[in-house]
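Q: Protein chains in written order, with my numbering: chain A, 1 to 338; chain B, 339 to 676.
It should be emphasised that the hints constitute simulated quantities derived from the structure, not laboratory data.
All of these numbers come straight from a predicted model, not from anything done at the bench.
In this text, a Cβ means the ideal position worked out from N, Cα and C, and glycines have one as well.
Any given hint might turn out to be false.
[Said to hold, decoys possible] In silico contact screen, one side only, chain A against chain B (beta carbon under 10 angstroms); selected entries: (1) Leu203; (2) Phe205; (3) Ile206; (4) Glu210; (5) Arg248.
[Claimed, not checked] Residues of chain B placed beyond 10 angstroms of chain A at every Cβ, according to the derived structure: (6) Arg428; (7) Thr449; (8) Arg471; (9) Arg510; (10) Phe543; (11) Val553; (12) Ser573; (13) Ser591; (14) Ala600; (15) Pro604.
One-letter residues, chain by chain:
Number of protein chains: 2
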Amino acid sequence: MRIVVDAMGSDDHPGPDVAGAVLAAQEYGDTLIVVGDEAALKRELAQHATNGLKIEVVHASDVITMEDKPSVVGKSKPNSSMHVGMNLVRDGQADAFVSAGNTGAALAVATLYSLRRIPGVKRPALSAIIRVRGRSVILLDVGANADSKPDWLAQFALMGDIYAKSLLGVTRPRVGLLSNGEEEGKGNDLVREAGPLLRALPLNFIGNVEPKDLVKDHADVIVSDGFVGNIMLKSLEAATSMVINLLREELMSSVVTKVGAALSRPAFKSVARQIDPFETGGAPLLGVNGVVIIGHGRSNATAIKNAVGQARKAVQGGVIESIRAGLEQIEQSGQSTD
Amino acid sequence: MRIVVDAMGSDDHPGPDVAGAVLAAQEYGDTLIVVGDEAALKRELAQHATNGLKIEVVHASDVITMEDKPSVVGKSKPNSSMHVGMNLVRDGQADAFVSAGNTGAALAVATLYSLRRIPGVKRPALSAIIRVRGRSVILLDVGANADSKPDWLAQFALMGDIYAKSLLGVTRPRVGLLSNGEEEGKGNDLVREAGPLLRALPLNFIGNVEPKDLVKDHADVIVSDGFVGNIMLKSLEAATSMVINLLREELMSSVVTKVGAALSRPAFKSVARQIDPFETGGAPLLGVNGVVIIGHGRSNATAIKNAVGQARKAVQGGVIESIRAGLEQIEQSGQSTD
Chain A
1 MRIVVDAMGS DDHPGPDVAG AVLAAQEYGD TLIVVGDEAA LKRELAQHAT NGLKIEVVHA
61 SDVITMEDKP SVVGKSKPNS SMHVGMNLVR DGQADAFVSA GNTGAALAVA TLYSLRRIPG
121 VKRPALSAII RVRGRSVILL DVGANADSKP DWLAQFALMG DIYAKSLLGV TRPRVGLLSN
181 GEEEGKGNDL VREAGPLLRA LPLNFIGNVE PKDLVKDHAD VIVSDGFVGN IMLKSLEAAT
241 SMVINLLREE LMSSVVTKVG AALSRPAFKS VARQIDPFET GGAPLLGVNG VVIIGHGRSN
301 ATAIKNAVGQ ARKAVQGGVI ESIRAGLEQI EQSGQSTD
Chain B
339 MRIVVDAMGS DDHPGPDVAG AVLAAQEYGD TLIVVGDEAA LKRELAQHAT NGLKIEVVHA
399 SDVITMEDKP SVVGKSKPNS SMHVGMNLVR DGQADAFVSA GNTGAALAVA TLYSLRRIPG
459 VKRPALSAII RVRGRSVILL DVGANADSKP DWLAQFALMG DIYAKSLLGV TRPRVGLLSN
519 GEEEGKGNDL VREAGPLLRA LPLNFIGNVE PKDLVKDHAD VIVSDGFVGN IMLKSLEAAT
579 SMVINLLREE LMSSVVTKVG AALSRPAFKS VARQIDPFET GGAPLLGVNG VVIIGHGRSN
639 ATAIKNAVGQ ARKAVQGGVI ESIRAGLEQI EQSGQSTD
């Protein structure tokens with residue numbers, strides 16, 4: 001397998017990006033293609049023991065930053081590491097693309113300038129893999145479409161279902177529709193219109209779900225429009241870090257609890273690992289005509305390596321082909337998502 | 339002051355509701371009016387030492403349950419404790435109404451059958467008081483309006499601002515608009531249209547905010563439509579309880595960490611108190627023509643007492659008058675929220 005890593009993606013690029021690619025080459029034995037400023041990447045690679053590893057460097061002269069406007073940068077920086085890297089996948093020279101860069105820019109470059117959409121896909125969706133007690137739950141869309149239509153949500157459900165099967169190995173993923181109450185009839189206009197569309201699809205649709213259902217192992221895939229999914233994801237992150245920080249501070253506030261904190265450290269570490277976003281790798285951009293995984297800007301080498309691992313699984317699981325086939329099948333059976 | 343407590347509201351009514359009213363009568367010295375099945379309430383009151391306390395019982399023959407449909411129950415149970423209790427406020431026989439009952443029903447009864455809206459208010463908003471590190475942040479709307487319009491959000495901002503001044507004592511509350519990114523231009527259509535309306539109002543409007551801004555003490559009032567606010571609130575609750583439960587379980591998993599847990603107990607207790615939703619009391623229904631505070635269905639006596647305390651503050655702060663005056667002022671100055 002040949003996997004592209006955008007070496008100019010993370011906040012501290014190219015250090016973590018290159019180190020992650022090296023780790024991935026070691027662990028998986030695949031060919032890793034690092035894309036970015038050639039001179040900088042060669043300097044960076046020289047710091048690692050790469051003997052026997054399959055690592056290639058491809059030059060890209062432009063760098064997309066976190067501050068770049070997605071609506072502008074797709075056109076204004078045509079030789080960015082995102083363009084060059086995704087084009088390798090588009091042209092069949094690589095199997096997947098991984099970046100810890102600007103999510104909006106990756107979406108714009110993929111959709112408008114490089115890989116484009118899988119035929120039949122109305123809108124790509126950014127999918128978050130949320131770890132809860134060792135399980136993974138897919139939440140989508142978490143930001144690609146701030147205003148969604150009911151038939152887009154139906155497609156998000158289909159794509160999430162397929163991804164859950166290939167990534168999580170769930171035979172019949174439970175697909176829920178995020179709402180402000182579980183009873184049918186609850187929801188905003190979008191949710192109430194999308195419900196019947198999801199019910200008509202060949203899915204294990206469990207109806208409306210609430211945020212607590214994520215925690216309670218009631219759903220494998222949670223479907224939402226991009227604005228609401230983004231707020232949910234960020235609310236979960238904000239509350240998690242707040243509680244952990246509060247406990248850390250409190251534990252440090254007296255001698256007795258300091259001792260308690262020392263003894264409790266393994267428990268804290270275990271919990272931190274269970275909810276560590278870096279462990280999951282990244283967010284797949286589903287609906288794009290090629291495997292694209294977007295990591296967090298703060299990714300370290302391990303996070304990049306895990307994102308590559310996730311990309312491999314998506315390629316091995318034939319996610320793109322499955323989404324294409326799934327959409328075709330529904331089209332032919334007349335169960336349109338319109 | 340005379341405050342009505344819906345004695346048939348909480349999941350375990352009338353026990354916690356009556357006990358909470360008794361606690362409130364003790365602590366505040368106000369007249370507490372408990373509304374519900376008279377015989378049951380008298381039996382319940384007989385279990386408490388009420389000598390010297392000002393507690394009145396008013397009979398209501400219907401009981402609204404958590405399962406009752408808000409759209410139906412306003413009409414089908416005209417003698418419910420909610421109707422009877424709110425009518426006491428409407429008719430000037432009491433100053434505020436507190437219930438731990440069905441939120442949707444309380445909204446319907448208030449808006450359509452009893453107190454009605456403050457003149458000029460387009461839609462009432464349910465407001466959550468979220469405790470973060472000892473501060474309180476007001477998030478509204480958290481569920482009254484699943485589909486909101488930009489000018490409603492502008493009114494929510496005004497009402498939240500007034501409530502923050504009277505309840506939290508903040509001179510110039512920082513009012514933020516919940517969005518999927520802080521930059522101007524981020525958001526869904528609703529947020530992008532509401533932004534300029536909020537900016538035109540006489541508020542300390544700080545622009546778009548994200549869930550993390552709640553935790554980081556960047557805002558006192560966060561404005562959102564009812565669907566998104568509800569998802570945010572429930573996501574915060576879900577993540578908070580998950581992290582705490584995970585830590586508890588992990589701490590109990592080995593002897594060493596069990597000792598750590600014992601020593602860490604004060605820290606856990608302190609954190610639990612800092613984020614305890616029962617400490618804040620309840621959610622005010624802003625925009626209704628009378629003070630209405632809705633508590634959680636799981637409210638215990640302390641939660642009911644705290645909800646009464648919150649109702650007192652709203653009455654003392656003249657929240658209803660301030661909202662009326664604020665809306666009139668804007669109307670006259672031509673800074674309409676349309």
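Q: List in ascending order the numbers of the hints, as given earlier, that are violated by the structure.
A: Of the numbered hints, 1, 2, 3, 8, 11, 12, 13, 14, 15 do not hold.
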